[in-house]
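Based on the hints, put chains B and C in the right spot on chain A.
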Amino acid sequence: MTSAPLGYLATDGAAASPVTALAWGLIGVSLAVILIVGLLVVWASLRRRGAPSQKETDDNLVGRPASGLAWIYGGLAISVPVLLISTVWSLVVLAQVMKPSASPGLTIEVNAHQWWWEARYDSPDPWRIFTTANEIHIPVGVPVRIKLASSDVIHSFWAPKLAGKMDVIPGLANATWIEANHPGRYRGQCGEYCGLQHARMAFYVVAESPAAFAAWRAHELEPPDAHPSPVAARGAEVFAARCAACHTIRGAEGGGLVGPDLSHLAERETLAGAMIPNDRSHLDAWIRDPQGVKPGALMPAVRLTQADRGGLVAYLESLK
Amino acid sequence: MADVALPDLNGEGSGALQGLWQAKPGVLGWLASVDHKEIGKRYIITAFLFLVIGGLEAEMMRLQLARPNQTLLTPEQYNQLFTMHGVTMIFLYALPMLSGFSNFLWPLLLGSRDMAFPRLNALSYWVYLFAGVFIYSTVLIGQAPDAGWFNYTPLSGKEYDPGANIDVFALGMIFLGVSTTVGALNFVVTLMRTRAPGMSVNRLPIIIWGTLTASVANLFAVPALSAACLLLWLDRGFGMHFFDPAGGGQPLLWQHLFWIFGHPWVYALVLPAMGIVSDALPVFCRRPLVGYTAVALATVTTMVVGFGVWVHHMFATGIPPLAIAFFGAASMVIAIPSAVAVFAWIATIWTGRPVFKTPFLYFAGFIALFVIGGVSGFMTGAVPLDWQLTDTYFVVAHLHYVLLGINVFPVIGGLYYWFPKAVGRMMNERLGRWSFWVSFIGFNLAFFPMHISGLLGMPRRVYTYGAHLGWDATNMITSVGSVIFAAGVGLTLINLVVSRYRGAPAGPNPWDGSTLEWSVPSPPPPYNFRRIPIIASRHPLWEARLNESPERSVLDSDLALDHGRETISTTSLDAEADSILKMPDDSLAPLILGLGLTVLFFALLWRAWWPAGAGLAICVAAVAFWLAPTADPVPAKERARG
Amino acid sequence: MAESIVPLARLDVSPTDKRSSGWHGLVFMIATEAALFVYLLFSYYFLASQSAGPWPSSGAPSLAVALPSTFVLLASSGAAQWGVMGIERGRSSRLAMGLGLALALGIGFTGLQLWEWAHKTFTPATDVYGSLYFTITGVHLLHVAVGLLILAFLLVWTLMGRFTKARHEHITLGVYYWHFVDVVWLAVFTTFYLTPRLG
Numbered sequence: 001m002t003s004a005p006l007g008y009l010a011t012d013g014a015a016a017s018p019v020t021a022l023a024w025g026l027i028g029v030s031l032a033v034i035l036i037v038g039l040l041v042v043w044a045s046l047r048r049r050g051a052p053s054q055k056e057t058d059d060n061l062v063g064r065p066a067s068g069l070a071w072i073y074g075g076l077a078i079s080v081p082v083l084l085i086s087t088v089w090s091l092v093v094l095a096q097v098m099k100p101s102a103s104p105g106l107t108i109e110v111n112a113h114q115w116w117w118e119a120r121y122d123s124p125d126p127w128r129i130f131t132t133a134n135e136i137h138i139p140v141g142v143p144v145r146i147k148l149a150s151s152d153v154i155h156s157f158w159a160p161k162l163a164g165k166m167d168v169i170p171g172l173a174n175a176t177w178i179e180a181n182h183p184g185r186y187r188g189q190c191g192e193y194c195g196l197q198h199a200r201m202a203f204y205v206v207a208e209s210p211a212a213f214a215a216w217r218a219h220e221l222e223p224p225d226a227h228p229s230p231v232a233a234r235g236a237e238v239f240a241a242r243c244a245a246c247h248t249i250r251g252a253e254g255g256g257l258v259g260p261d262l263s264h265l266a267e268r269e270t271l272a273g274a275m276i277p278n279d280r281s282h283l284d285a286w287i288r289d290p291q292g293v294k295p296g297a298l299m300p301a302v303r304l305t306q307a308d309r310g311g312l313v314a315y316l317e318s319l320k
Numbered sequence: 001m002a003d004v005a006l007p008d009l010n011g012e013g014s015g016a017l018q019g020l021w022q023a024k025p026g027v028l029g030w031l032a033s034v035d036h037k038e039i040g041k042r043y044i045i046t047a048f049l050f051l052v053i054g055g056l057e058a059e060m061m062r063l064q065l066a067r068p069n070q071t072l073l074t075p076e077q078y079n080q081l082f083t084m085h086g087v088t089m090i091f092l093y094a095l096p097m098l099s100g101f102s103n104f105l106w107p108l109l110l111g112s113r114d115m116a117f118p119r120l121n122a123l124s125y126w127v128y129l130f131a132g133v134f135i136y137s138t139v140l141i142g143q144a145p146d147a148g149w150f151n152y153t154p155l156s157g158k159e160y161d162p163g164a165n166i167d168v169f170a171l172g173m174i175f176l177g178v179s180t181t182v183g184a185l186n187f188v189v190t191l192m193r194t195r196a197p198g199m200s201v202n203r204l205p206i207i208i209w210g211t212l213t214a215s216v217a218n219l220f221a222v223p224a225l226s227a228a229c230l231l232l233w234l235d236r237g238f239g240m241h242f243f244d245p246a247g248g249g250q251p252l253l254w255q256h257l258f259w260i261f262g263h264p265w266v267y268a269l270v271l272p273a274m275g276i277v278s279d280a281l282p283v284f285c286r287r288p289l290v291g292y293t294a295v296a297l298a299t300v301t302t303m304v305v306g307f308g309v310w311v312h313h314m315f316a317t318g319i320p321p322l323a324i325a326f327f328g329a330a331s332m333v334i335a336i337p338s339a340v341a342v343f344a345w346i347a348t349i350w351t352g353r354p355v356f357k358t359p360f361l362y363f364a365g366f367i368a369l370f371v372i373g374g375v376s377g378f379m380t381g382a383v384p385l386d387w388q389l390t391d392t393y394f395v396v397a398h399l400h401y402v403l404l405g406i407n408v409f410p411v412i413g414g415l416y417y418w419f420p421k422a423v424g425r426m427m428n429e430r431l432g433r434w435s436f437w438v439s440f441i442g443f444n445l446a447f448f449p450m451h452i453s454g455l456l457g458m459p460r461r462v463y464t465y466g467a468h469l470g471w472d473a474t475n476m477i478t479s480v481g482s483v484i485f486a487a488g489v490g491l492t493l494i495n496l497v498v499s500r501y502r503g504a505p506a507g508p509n510p511w512d513g514s515t516l517e518w519s520v521p522s523p524p525p526p527y528n529f530r531r532i533p534i535i536a537s538r539h540p541l542w543e544a545r546l547n548e549s550p551e552r553s554v555l556d557s558d559l560a561l562d563h564g565r566e567t568i569s570t571t572s573l574d575a576e577a578d579s580i581l582k583m584p585d586d587s588l589a590p591l592i593l594g595l596g597l598t599v600l601f602f603a604l605l606w607r608a609w610w611p612a613g614a615g616l617a618i619c620v621a622a623v624a625f626w627l628a629p630t631a632d633p634v635p636a637k638e639r640a641r642g
Numbered sequence: 001m002a003e004s005i006v007p008l009a010r011l012d013v014s015p016t017d018k019r020s021s022g023w024h025g026l027v028f029m030i031a032t033e034a035a036l037f038v039y040l041l042f043s044y045y046f047l048a049s050q051s052a053g054p055w056p057s058s059g060a061p062s063l064a065v066a067l068p069s070t071f072v073l074l075a076s077s078g079a080a081q082w083g084v085m086g087i088e089r090g091r092s093s094r095l096a097m098g099l100g101l102a103l104a105l106g107i108g109f110t111g112l113q114l115w116e117w118a119h120k121t122f123t124p125a126t127d128v129y130g131s132l133y134f135t136i137t138g139v140h141l142l143h144v145a146v147g148l149l150i151l152a153f154l155l156v157w158t159l160m161g162r163f164t165k166a167r168h169e170h171i172t173l174g175v176y177y178w179h180f181v182d183v184v185w186l187a188v189f190t191t192f193y194l195t196p197r198l199g
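Chains as they are written, first to last, in my numbering: chain A, 1 to 320; chain B, 1 to 642; chain C, 1 to 199.
Just chain A, same shape as in the assembly:
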């Protein structure tokens, strides 16, 4: 249902599918209840409609006909079992999804910031540790553990087509898990109001075949092209001088940790918390005036000449 990328009535993976069945079941029960009660109210109101008899009017008649308690007993007799069954079903589903379907084959540390997502891929070999941002790759068919941390306020990690939300709370070591059965780009969104640009704090989970994932992971460790074009080379210098205080590109000069890691930026399809497409014009506009694109974003407007900015954009576009 790509018409609703954040919808969760059609999901993928063992962390989400049992819940989706529960969702449809409870929606069905709820709609039935609404329909039945609505009909009862309308029917009850209309069934004795019509002018009261003259005697009724003269006498200002009030009465206590059938006691009516049968309604309460009958209503409870129907609704309480439905309620209890639903409760039990939801507890069963809770037990199913609260821990991974199998031992996780991969652990990713996701660090939430105002208003972007950092993803760190750990490894026993320190040379194979790397960090990326906003587009989180996972292998298909493998339960993936997500360890969550926040460096500022409370956020919530939510990839609806793969799993429910888990809050990211400063000082707490929350964790969740996701699993994708099919390859694809699964959109995610911060699920806890976190300030000015909560609305634009999205991300993507990119699920690919284990082989493609391994290739991506290996590629992430590689440095940028050693022979850039002259324009891109100029851009590299601009980056080192003006951007590296906040951003890191593996294999290039500088190593700022305040902003997202930009290694292999050209491989990402989106920018600015999955808000804008990653193409030349949007990248240029973002660098020129971040506040114009995403008011309140913590990236300052770095004053660059047109030429410098052109070089920087070319450099970033070369980071495949």
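For the record, the hints were derived by calculation from the structure and aren't laboratory data. Watch out, some of these pointers could steer you wrong.
[Stated by the list, open to error] What follows is a list of derived Cβ distance ranges for each label pair: (1) B/VAL498 <-> C/VAL183: 55 to 63 Å; (2) C/LEU114 <-> B/GLY163: 30 to 38 Å; (3) B/LEU56 <-> A/GLU222: 52 to 60 Å; (4) B/ALA473 <-> A/ARG47: 57 to 65 Å; (5) B/ILE141 <-> A/ARG47: 55 to 63 Å; (6) B/ARG607 <-> A/HIS219: 50 to 58 Å.
[Claimed, not checked] Here are the simulated EDC-like cross-link-like pairs (lysine to aspartate or glutamate), alpha carbons at most 16 Å apart as the crow flies: (7) B/LYS582 <-> C/GLU116; (8) A/LYS320 <-> A/GLU269; (9) B/LYS158 <-> A/ASP152; (10) A/LYS147 <-> A/ASP122; (11) A/LYS99 <-> A/ASP152; (12) B/LYS582 <-> C/ASP12; (13) B/LYS582 <-> C/GLU169; (14) C/LYS18 <-> B/ASP578.
No residue lacks a Cβ here, since even glycine has one placed at the ideal position from N, Cα and C.
Chains B and C in isolation, oriented as in the chain A frame:
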């Protein structure tokens, strides 16, 4: 054919009582009034004003959200709007409106001359008004609270929200809490002590049960919010670390304290309104409520269980699943007493003879909205599903169905129902019917699509959204619906104003109701009852026609109680008269205490410690003057001359 | 019929025993204030349970001042109650003495508390334990201050001859509030000074 003989409303003694109880003339007299009916009307009018303000805030948001990627509002403006919308509706409209109804009605329903603490009653209104002004005081300098109405830390801490915004919120909530607490105290003591003889607990109107339950709950819930806000104000202003992980604090402490308050609070916002329906709907069905005892017990049960479900606002915070499972189960089970009430109302309509007047329409519509809000709540009670639903527009839909459906619709129906009693004129019936249908259709058009927006993944509290997420259509429908709903409420407002001056005159009992308020003139005299009634059933004015027992209430008793301002006091359960209470005269002390508190809180907000001390001194002086023992105390045993 | 239902002529006017509105008002006011302290102490226990390091961070606080000041406050309640028993026998002078003694002892408690505050090695901003200590004992001290004001006013009104054996409801209610402040202190004292010693 008359039922129980209505008392001679202008009979012997009414002139003397009028002189004793009427407010003094002029502005000072108006300011010093402690008449519960006057205070109730002030609450209702002020709350209605906040309803309109909150509604305008909502309309601005809906304009922004009607289409994707709009820039009518900046993110900061939007964040202040959604925060103030929530604060206004939940704190400055919903409970005060119900307090207004209860203030006006309780002594009339209970057969009493006033509440147990008339001056405290006046204080609760003044503090409400001043706290509302306080909370809005920074809007004009662009520093309204902006961290959401539940104000989570660390976002609401000094580091991420350094302006006055959150200090106004924190101090404002404590300030308002004084009004809520004092008002709750008044209701509880009034219920326990000042009822007419014979008004035993099984004869109390359900709105009494609802407000009583809410008031007891508030006495135990409001301090949690006050504690949370105090700790936040100290973190922000004095470098403390309650919510700061770096100093050993816990952001979740805020959430626990807030929701331990917050969940009982939302039941306090709806149980009295359910009581309005339980009392007024039967009048339009020409029969007593089905299952009175079940409904009264369901009211209390809902609130008691309501203290045990607060974690359901925190299902996604990483709390261990075993603990969550308990709260999830409790959250689904709490639907059962609500179901009892719904079946009771349907049964009342089914076995009765519905009279299609405006109040009936609002109450019938309310039942449908109640159930829609209830089932969406039931869905969010399923923990793993809540992990998808929480913080999406699904929850926004749920909370609006329960808050508007279970508070606003009964309130508007209640306004149509009791307006004749308060004002002495009927509201326009035709305009009333239009107002219902426009409001009902507009409301559902606005809020039902929000369920779908939420299921399609639209998060809460977003100032805009992208174009290819599938939310465009539902948002447009919602925005259009909201305008229609606003028009419906506008029709009610027009009806209120026009009927106030041009409505058809109303007698004491235009709806042929069964409870005591319909036995006094419209509007009631300041002393309510010329003679304190003696009660024999739940339906004093229907007794002869129902003829379910030989006993009859006595509305024209010998209980004049006119040696000064007096009312009768009874035992708590069986309402046997056991003493006579002297009621205080009008006084400016509550107003002055309210003003002193206002000075204090503004001074704390701006960290001006000497003015704060001055405010405190005014408070102390006002309280000392108010409570000072008189020089000539009344003898303990004064023979009452009957 | 009405006359036999409600014996109007035999009803008390403005009772001052537990039937009075004032008594009920005080009970529920104490209930809500007690709830406030429950939530503050809940915060203490919650933060303690979640803390990573040792708790309290500076070790269990010394009893050297807190224990004597507890006795001072208890004695203050005792003095006030002695005064109440006096007016119940019509002895206004004993009431005045009891209130005066309670006031003095209450001021003594306050002085001891402030001395202890001044000699703590941490401040409210040091860490969350410091924040909790000063805030909770501070909120209690605010209630003490209110209590002292009440005792002072009651003393003045006693000296003005406003209370008799038959009518002294202000005294009863005010002193009950003072006892409540004492009970709260016992809870605060237990939490801060005794629970860390329970191992």
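Subject >> Pair hint outcome, B/LYS158 versus A/ASP152 [Cα-Cα no greater than 16 Å] >> reply: Cα-Cα ~12 Å, so holds.
Original post:
Going straight from one Cα to the other, do A/LYS320 and A/GLU269 come out at no more than 16 Å?
Top reply: holds, 12 Å
Original post:
Is the gap between the beta carbons of B/ILE141 and A/ARG47 within 55 to 63 Å?
Top reply: holds, 58 Å
Subject >> Range hint compliance [Cβ, C/LEU114 to B/GLY163, 30 to 38 Å] >> reply: For B/GLY163 against C/LEU114, whose Cβ atoms are near 33 Å apart, the range 30 to 38 Å holds.
Subject >> Range agreement (Cβ of C/VAL183 with Cβ of B/VAL498, hint 55 to 63 Å) >> reply: holds, 57 Å
Subject >> Restraint check for B/LYS582 with C/GLU169, where alpha carbons must lie at most 16 Å apart >> reply: holds, 15 Å
Subject >> Given pair status - C/ASP12, B/LYS582, alpha carbons within 16 Å >> reply: It holds: about 11 Å lies between the C-alpha atoms, which stays within 16 Å.
Original post:
Does the structure keep A/LYS147 and A/ASP122 at a Cα separation of 16 Å or less?
Top reply: Holds: A/LYS147 and A/ASP122 sit about 11 Å apart, inside 16 Å.
Original post:
Has the given pair, B/LYS582 with C/GLU116, been kept, meaning a C-alpha gap of at most 16 Å?
Top reply: Judged against 16 Å, a Cα distance of about 47 Å means the pair is violated.
**OP:** Could you say whether the range 52 to 60 Å given as a hint is met by the Cβ separation of B/LEU56 and A/GLU222?
**Re:** holds, 57 Å
Original post:
Between B/ALA473 and A/ARG47, does the beta-carbon spacing fit 57 to 65 Å?
Top reply: Distance hint for B/ALA473, A/ARG47 is violated at roughly 37 Å.
**OP:** Below or equal to 16 Å on CA atoms is what counts here, so check C/LYS18 against B/ASP578.
**Re:** holds, 12 Å
Figure legend: structure checked against the earlier numbered hints; hints not met, in rising order: 4, 7 and 11.
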